[in-house]
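Number of protein chains: 2
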Amino acid sequence: MTGVDSAGSVGLVIPFVEVFEEPLTLACGRTLDRFELVLETYGVLNADASNAILICHALSGNHHAAGFHSRDERKPGWWDVAIGPGKAIDTDRFFVVSVNNLGGCHGSTGPASINPATGSPWGPDFPQIQIDDWVESQRRLAQRLGISRWAAVIGGSLGGMQALQWAVSYPDWLDHCVVLASAPRLSAQNIAFNEIARHAILSDPDWLDGHYYQNDRIPEKGLGLARMVGHLTYMSADGMSDKFGRELREGSLGSEESDAVVFQVESYLRYQGAQFSTRFDANTYMLMTRALDFFDISRDHDGDLRRALANTTASFLVLSFSSDWRFSPARSQELVDALLAEGKPVTYADIEANEGHDSFLIDVPGYLPLFTAYMARVGC
Amino acid sequence: MTGVDSAGSVGLVIPFVEVFEEPLTLACGRTLDRFELVLETYGVLNADASNAILICHALSGNHHAAGFHSRDERKPGWWDVAIGPGKAIDTDRFFVVSVNNLGGCHGSTGPASINPATGSPWGPDFPQIQIDDWVESQRRLAQRLGISRWAAVIGGSLGGMQALQWAVSYPDWLDHCVVLASAPRLSAQNIAFNEIARHAILSDPDWLDGHYYQNDRIPEKGLGLARMVGHLTYMSADGMSDKFGRELREGSLGSEESDAVVFQVESYLRYQGAQFSTRFDANTYMLMTRALDFFDISRDHDGDLRRALANTTASFLVLSFSSDWRFSPARSQELVDALLAEGKPVTYADIEANEGHDSFLIDVPGYLPLFTAYMARVGC
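Protein sequences appear in the order of chains A and B.
Just so you know, we're using the numbering used here here: the first sequence kicks off at 1 and counts up by one.
Just so you know, we're using the numbering used here here: the second sequence kicks off at 1 and counts up by one.
Treat the hints with caution; some may be incorrect.
To be verified - Stretch-level coverage of chain B by chain A, calculated; a stretch enters the list once three of its residues show a Cβ under 8 Å from a Cβ in chain A:
id: 1; segment: 86-99
id: 2; segment: 176-187
Claimed, not checked - Take a look, some chain B residues computed to stay more than 12 Å from chain A by CB distance:
id: 3; residue: Asp5
id: 4; residue: Asp48
id: 5; residue: Leu225
id: 6; residue: Leu269
Stated by the list, open to error - Short derived list, chain B residues pointing at chain A, Cβ under 10 Å:
id: 7; residue: Val19
id: 8; residue: Ser120
id: 9; residue: Ala237
id: 10; residue: Asp242
id: 11; residue: Phe244
id: 12; residue: Gly245
id: 13; residue: Phe263
id: 14; residue: Gln264
id: 15; residue: Asp293
Note that these hints are calculated values from the structure, not bench results.
Since the structure is predicted, the reported quantities are computational estimates derived from the model, not experimental observations.
Even for Gly, the Cβ is constructed at its ideal location relative to N, Cα and C.
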C-alpha cells in the first residue's frame, strides 16, 4: 500500500517559508541583504531539541523529501523510502528538517527571486553560492527552529558534501554525519560532465544570457539536454542494459528519418529531459553544478584530506554503491581512509547495487536495513 | 623527429577518388545509383595482390590515416603511430588502403553530396547507411584496385565493427581480422550517449531539420556539444585526473560570471567541441552514430554471438584497453569467448592503459609492440 494514508508515510505535509532579514555574507564575498528558505518538517521536536535531523538534498532535489503535498499527488517526496514512521529516518523518533537550498528554484531565495536592487529577477546575477553558504543558511534556520545541535546531518551526492561541510565547519553542531554516494571533491570527469550540462544550457538561444524570465522564454531544450547528460551518468551501464537492453521502440531499424526515436533508452532519456525542463530552473542548474564543481573539503588545507577532517567530532556513516561511476566507491573510500587515519569513528559499507549513482534514492537490497541499523544508534 | 621526411613516416600522400557507377542496394532497401569513395594508399601492392590491408576508420575519422597532405600540415594522419615504414602496419611490407566511409564528410558520397533527384544536397534524406553497406562499398573498391582478398582488415571502435562485419559477411575475403577497442554490439549506455549527441544537434536552431547547407547555416553549437559528450566518454576518469586534476584556468573560484570557464578541463572540452564543428558535418555525425547504434553482429542470429561467428575463417587479433569504459574490456572478452567457443584462432590482450577509449590511437606502453608482433605473422 502506498499513498497519503499508508503505513510508513508521513502523510500530508505542508511546506512553509522562513524569512531571514539579517544580511548573509557569502563565501564569494557578496552579501544577501535578506533571504527566504522553504522547508518541510516531519515528526516532532522533543523538549530538549535533541532529536533534530537535517536532510540535505542533491543537485536537482528540493525540500519535499517525504510524504505528499496533496491527496492528488501521484508520487511522494524524493526520499520517501528512507523517511517516515518506522523507516531508516524514523519520524516517530526524529524531528526531520528538509530545506530547499539557497539558490534553489522551489521556494527558497534564488535566481528567479526579485533582486531588490533592480526590481527584476536576479537571473545570472544571483551570487554564486558555495556549499559553505548552504551550511551557514541552514545554521540560521536551525537557530530559528530552536535547534542548537543536529542529532544527524544526512545527505546523498551533493547533499553528502553539505553534510561533510557541516562536520568540518561546525563540529559542535552535529552528533552524526551521514554521507551517501558522495565524494570529498569532484574529479575532472565529474566537472567535465557538469560543464557539458552547462554548455547545453548556454547554447540554447532561449537562455538569453540567463535573463529569460523577463522575456517569457525558457531554455528548455538546453536544460532538457543537461538533464539527459546528468541522468545518464546517474545510471550504471549494467543497470541500463537490464532496463532497456537494445530494445527498439518500434521496428524502424532502417528508418528513413534521422531523428526518429528507435531505441527505448532514447525515448526514456528524452522524456526525462523534457519533464525536468518543466520543473527546474536553468539558472539554478548552473548555480548548483558550479557549487558542486567548486566543492573541495580539503581546499583550505592544500588538498590534505586528513588535515581537513582533523577537527571533526561527529560519528560518520559513509555508504557507496558498487555500480556508481559518477561518485565511485573509491571516492567514498578516500574519505573513509582519511577519517580512519585521523582516528575518527566511521562506519562504511559499499552496497552491491546495479542502479548506479541513483541507488541511494532507491530501496536496493541491503541498503535500507543497514541505514536503519545505524540510525537506531543516533540519539541514544 | 616527426614530419614529412622523418623516418617511420609514409611522407606526403595524395588522396584520390574512385567513382562507382553501378547502383548499390543498401541494407535499408534503398539504392544509391552511383557513389564516390575518397581514399589514400600507402606502400606498394605486390604482384599477386596478397599484401593489401584495409583500414576502417572510427566515428569521427576519415581516410587520412597516415603521412601528410602537405609540408605545412601540422599533424600527420590519425593513425600515424601505427602505419608507416617499420611500424605495426609496415608500409615496407603492406599495401595499405584507407577509405572515407560512405556517408562521410571528407570526400566520399554523403549527406553533403548532391542528390541527383533534386539537384540539392541530400542532407537528412541521405539513406541511413549500415555497417554492411560500408563492407559492400569497400568490396567494390577492392575489386577496383585488383584486390580479391585482404591480408588483414583492421579497425578500432566503429572501425573494429566493420572489420568484424567483413569477417562474418565475406569469410573468403580476409586472412586476418583486427578488432581494437570495439564490441560486438552497442550497449544501452552506448546508445544513450549517442542519443544525447544527436539530441544536441537536433536542438540547435541552425540544424533546420538537416537542410542547413542551402541556408548557409551550420549547427555548430549542437555539433560541438555532441563532440564534447563523445570526447569525454573516450577519456578515462583517471586519465582526466592525471591530465587536468582540478586545475583552475584562472583564480576565479568566486567568479560572478556564471558562464566563466574556470577549470582547465572545461576550456579543453569547449575547444575540442568548437574545433570539431568546423571540420565535421552534422548530418554525417547523425548517420555515423545511428550506424553504430544499429550494429549488432548477432542480429541475424537472434543475438547468438557464437552462431554469428561460426562461419568466419579469419584469424583474429582482439585488443581492449583497461580504462576504456565506452567499449570496456568485457565487451571484447565477450567477442573473444564466442570466437574461442567456436574454435576460431584468436589472439587477445587487454592492454593496461590510462587513456580510455582513445588508447587505440596512442602509443601507450605495451600496445604497439604487441600489435607489431602480431602483424609480423600477417602475410607470411
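Going through the hints against the structure:
1. 86-99: Coverage by chain A is violated for the segment 86-99 of chain B (0 residues, Cβ < 8 Å).
2. 176-187: holds (count 3)
3. Asp5: 38 Å, holds
4. Asp48: Correct as stated: the minimum Cβ-Cβ distance to chain A is 39 Å, above 12 Å.
5. Leu225: 6 Å, violated
6. Leu269: 6 Å, violated
7. Val19: 26 Å, violated
8. Ser120: 16 Å, violated
9. Ala237: Holds: closest Cβ of chain A sits about 4 Å from B:Ala237, inside 10 Å.
10. Asp242: Given a least distance of 9 Å, the restraint on B:Asp242 holds.
11. Phe244: Holds - the Cβ of B:Phe244 comes within 10 Å of chain A, reaching about 4 Å at its closest.
12. Gly245: With Cβ-Cβ at 6 Å, under 10 Å, it holds.
13. Phe263: Interface hint status for B:Phe263: holds (5 Å vs cutoff 10 Å).
14. Gln264: 8 Å, holds
15. Asp293: 7 Å, holds
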